[in-house]
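Asker: Here is what each chain is made of, one letter per residue.
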Amino acid sequence: MTIIRMQTMHGVTVPMEARRDIVKYLSDTRGLAPEESAPQRALIERRLNRVESFDHPTFQAMCARCHTGGRPLLQRRPQKEWERLVHFHVGQFPTLEYQSMARDRDWLDIALNDIAPWLGDSHGLESEAWQAWQDNGIDSPDGDWQLWGHWPGEGDFYADVTITAADGEDAYDLTLDGAFTDGRQLDGEGQAMVYTGYEWRANLNLNGHDFKQVLDLAGDRPNGRIFDDRDEAFGIQVEMLPADEVATPALVASQPAALQAGMRGRLVLLGHGLGKGGIDLGEGVTVHEVVERSDSRVVLDVETASDLTPGWLPVQVGEADADTLLAGYQTVDRLELSPDLGVARVASEATPAVSGVFSAQGYLDNPEGDDIPLGRVPVTWSVAPWDEIAEDEEDVKYAGTLDAATGIFSPGGAGPNPLRRFDTNNAGNLRVTASVVGQEDVQDDAHLIVTVQRWNNPPLR
Amino acid sequence: MKRLSLTLAGLMALAGQPLLAAETGTDEVREYLVTMAHPNQLHVIDPVAQEIVRTCDIEGDFGPGTLQLSPDNRTAYILHDRWEDVVGVDLTNCDEVFHAHGPHGNIGAKAMTSIAVSPDGKRVYVIWDRVEKNLDHYRVLEPQLAVYDTSAGLDAEPIATFPAPRQVLIMATGADGSLYLAGPDIYRMDPSSGEIETAIANRSWDDPDYGDVDSLSIWTLGEVTNDFIRPYAVAKYPGTEDESWYWGVNRVDLTTGETERKEIVPFETLFYSIVPDPNDKDIYYGVFNHITRIDSSSKEAVDAVELDHTYYSINTSYDGSRIYVGGASHDIAIYDDELNDLGRIQLPGDMSFSTLKVARF
Chain W
1 MTIIRMQTMH GVTVPMEARR DIVKYLSDTR GLAPEESAPQ RALIERRLNR VESFDHPTFQ
61 AMCARCHTGG RPLLQRRPQK EWERLVHFHV GQFPTLEYQS MARDRDWLDI ALNDIAPWLG
121 DSHGLESEAW QAWQDNGIDS PDGDWQLWGH WPGEGDFYAD VTITAADGED AYDLTLDGAF
181 TDGRQLDGEG QAMVYTGYEW RANLNLNGHD FKQVLDLAGD RPNGRIFDDR DEAFGIQVEM
241 LPADEVATPA LVASQPAALQ AGMRGRLVLL GHGLGKGGID LGEGVTVHEV VERSDSRVVL
301 DVETASDLTP GWLPVQVGEA DADTLLAGYQ TVDRLELSPD LGVARVASEA TPAVSGVFSA
361 QGYLDNPEGD DIPLGRVPVT WSVAPWDEIA EDEEDVKYAG TLDAATGIFS PGGAGPNPLR
421 RFDTNNAGNL RVTASVVGQE DVQDDAHLIV TVQRWNNPPL R
Chain F
1 MKRLSLTLAG LMALAGQPLL AAETGTDEVR EYLVTMAHPN QLHVIDPVAQ EIVRTCDIEG
61 DFGPGTLQLS PDNRTAYILH DRWEDVVGVD LTNCDEVFHA HGPHGNIGAK AMTSIAVSPD
121 GKRVYVIWDR VEKNLDHYRV LEPQLAVYDT SAGLDAEPIA TFPAPRQVLI MATGADGSLY
181 LAGPDIYRMD PSSGEIETAI ANRSWDDPDY GDVDSLSIWT LGEVTNDFIR PYAVAKYPGT
241 EDESWYWGVN RVDLTTGETE RKEIVPFETL FYSIVPDPND KDIYYGVFNH ITRIDSSSKE
301 AVDAVELDHT YYSINTSYDG SRIYVGGASH DIAIYDDELN DLGRIQLPGD MSFSTLKVAR
361 F
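Residue numbers (my numbering), protein chains in the order written: chain W, 1 to 461; chain F, 1 to 361.
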């Protein structure tokens, strides 16, 4: 962003290739260690609909009212440079001193004499973590992996991923060969660059859709997000496991997370060392067929008994077992929507829509401990006015449409609407409700605000 | 003097519309609305005929479009060209008669909405928010009040400068020459010496019965009643069961210098600008999505009319019989003092945050 600002605000000419090289060089030599970027993964992955909180009484109002607080907290500067950042802000964006939460205080004085010293102390230039990361690092990611996630509106999927070194320092090609759990094919390919030794940035094409991918490769199980660069609300949280043989067999993930009594369908179990040995899912679950089996994955055709006992189901695949990986249920006790509060944005040609993407997680009451998560259970989605004003203004009619099957809200078009009171935009204040299929009284609400477009859309908001 | 082009629309409007008093050769004083609109046009409007009388293209980009009038109302001084220029325009013929540019060398300067004209018309006052742009860093400088001689022409430089407080928006001058600045407090400055004092305390107002005062006032209104008016919002008895929110006004009588700060109506409707009724000092009109008539003596909204869209800037005719609302979009709405709709004047471009001034000449 600093280089782009130099280009757009100060007329510096930097060819695209040189810009990439500069970013690569700076992130490799002046980056953040994994534990330093860890608190801001959601920002780096462009996850929206979050509310930040900070360890400082006025940082939110002083800085994080215009952009995320994560943006400065991903930087490291000596105090003098933090002070210069304050001077730059007032010089470049002079209206900031007059905005709400600035005009009620001596903003510049507080920024220079309170915020800058605090940042200089908590986010100074030097850190032991960075030094340790430079001394150690991790291995190159080339090799075979297994990746899985949930594609909103499409379903759970898994894929074998092959990463190979490409031309250029830390450049890679990757291919994906996988499937949705209902058996539909999922293919993809992409190109990636690794920055700072662990920050994976890829352009992906999955089943004909273009995505960006951000992964943190530093841990045992690399994870991150695949998202639509034009509609960042639309994303897929993914995890990845090495497909190489490892010493200890283990079950890591189940798709779906729960089986309902009296149903037949596919169950996908992911992990290590799953290639041989017996498969046992307990009394209430019959395995009709092993559809696919490898060291890292088994795909099963299973049927649950109509009298299945609700709760955790014991899972055994060869030498790997898990007793809190897969749940069974008769009915859903509780539903929880995510996000609680979503913000969608109307669409124009210059500013594509920001969708509302909701998910509904089911839970079983568990008197013996934490409620048992059932993952995404079948629900029906609907939308209603949030309050009387939204009803009077017919927000439901104008703000967009919610897909009853997927929970994806598509906003209306941007600009003043002459059909609306005050010619207002297709904004809306909506209540999104999901109810469990067959259990209409088990439901949960979320708040969806449909608002105007953002005009300034840097990669880190 | 630099002759600015009259637009075709302006010429056509002129052809069929009442001419300005000076052009008709009569002494009749007429009332006009004066405002800026995108892309860079100054419009002089006859509010009775509801027609644009004259349109002046002002070189440079729009913004902010804050206007002040000379004492004879024939010259408009505009903050223009992305907040970096002050332009004086003769409203009777579109001639550009004054021009000052804020930035110099590596010193960047922008004027938010801080512009005022001395009561004798000989000085224009502007506060520049300044920044020193060095090769690898910026350094924010103290804001500067610049005093210009209005006869200095098109390359005007300040004849004096004084340090100014930060966060000042609108300004006005009193009959005695005092300059009033609406910043954290309302300040009174002697523009011959730069001496400054607090005229009305806001941020420095310390009353435990009230919360912090919030004010965003960027419209240089009040010329009709010769007041300097700044609305504010405040909580009374904050944090208690009796907490209640009010709109208030900082008001300086520019004729006498008397100051007033008072709550005028509960905070139930959003207002962007508020002006007094010229016929009754207790009555105010506020605008955003409604025009609301406020009786400050009873602290009640006594009448309101819903508008067809948001308007930012409100003003009245000198006789108080008409209420004008503009800004935001590209039409000016006119209402009578009973809040009956008298019509709309369409402009070719959006007015955005520009001031809707009432001029008489």
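Please keep in mind that the hints were generated in silico from the structure rather than gathered at the bench.
Just so you know, these numbers come straight off a predicted model, no measurement behind them.
Honestly, I wouldn't trust all of these hints.
Claimed, not checked - Derived DEER-like restraints, expressed as beta-carbon distance ranges:
hint, chain 1, residue 1, chain 2, residue 2, range
1, W, 92, F, 161, 34 to 44 Å
2, F, 339, W, 80, 21 to 31 Å
3, W, 334, F, 82, 27 to 37 Å
4, F, 161, W, 101, 23 to 33 Å
5, W, 78, F, 306, 48 to 58 Å
6, W, 20, F, 163, 45 to 55 Å
7, F, 212, W, 78, 26 to 36 Å
8, F, 212, W, 389, 21 to 31 Å
9, W, 209, F, 340, 23 to 33 Å
10, F, 308, W, 437, 36 to 46 Å
11, W, 15, F, 190, 49 to 59 Å
To be verified - Which bits of chain F does chain W cover? Going by a derived footprint, with three or more residues having C-beta under 8 Å, they are:
hint, segment
12, 136 to 142
13, 163 to 171
14, 200 to 214
15, 308 to 318
16, 342 to 354
Even for Gly, the Cβ is constructed at its ideal location relative to N, Cα and C.
Asker: Among all the numbered hints in the text so far, which are the ones the structure does not match?
Answerer: 1, 2, 3, 9, 16
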